[in-house]
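Residue numbers (my numbering): 1 to 116.
Simulated from the structure, these hints should not be mistaken for laboratory data. Possibly wrong hints are sitting among the right ones.
In silico lysine-lysine, DSBU-like type, Cα no more than 35 Å apart, as pairs [to be verified]:
1. Lys75 <-> Lys88
2. Lys30 <-> Lys112
3. Lys88 <-> Lys77
4. Lys30 <-> Lys88
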Amino acid sequence: MAGTYQELHLSEEVSATSETCQSFVPASGKDVFIHFFAGESEAGDDTSVRLVWNFEGSPEECVWTIDGSATMPFKYKIDSTDVDGIKKLGLCLTNNTNAAHFMSGHVDIWVKDPPS
1 MAGTYQELHL
11 SEEVSATSET
21 CQSFVPASGK
31 DVFIHFFAGE
41 SEAGDDTSVR
51 LVWNFEGSPE
61 ECVWTIDGSA
71 TMPFKYKIDS
81 TDVDGIKKLG
91 LCLTNNTNAA
101 HFMSGHVDIW
111 VKDPPS
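Required output: the full structure, derived from the provided sequences and hints.
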């Protein structure tokens, strides 16, 4: 698939009751394809790796959440009509426990012009 490849990757210790995120803003009018999503968190349901569209916007849309560990050969499209050059795709490591935990997440993204 022709287009621009982008990846988001986080791998770090996340402090108790906190969240660490990385985001990407695709150019306006582009189709966004998410092809792979993986997450690793060691505290089960009290930690999660989230993929969020319109990150820090209103309303946020949680595309997928991984509790525990998973690798997802994932196919998800954000249509060009919803890509305005402002909305962000966010990868978030969320720790809702009272202790620090090592967590990681990775997402592969293709951004391309919509079909004519």
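Against the structure, the hints come out as follows:
Note on Lys75 and Lys88: the hinted pairing holds, with a Cα-Cα distance of about 18 Å set against a maximum of 35 Å. Pair hint Lys30 plus Lys112 holds up; C-alpha atoms about 5 Å apart against a cutoff of 35 Å. Taken as a hint, the Lys88 and Lys77 pair is honoured in the structure, with Cα atoms around 14 Å apart against an allowance of 35 Å. Distance check on the hinted pair: Lys30 and Lys88 sit about 13 Å apart at the alpha-carbon level, within 35 Å; holds.
Going down the numbered hints, you'll see the structure goes against none, and every one checks out.
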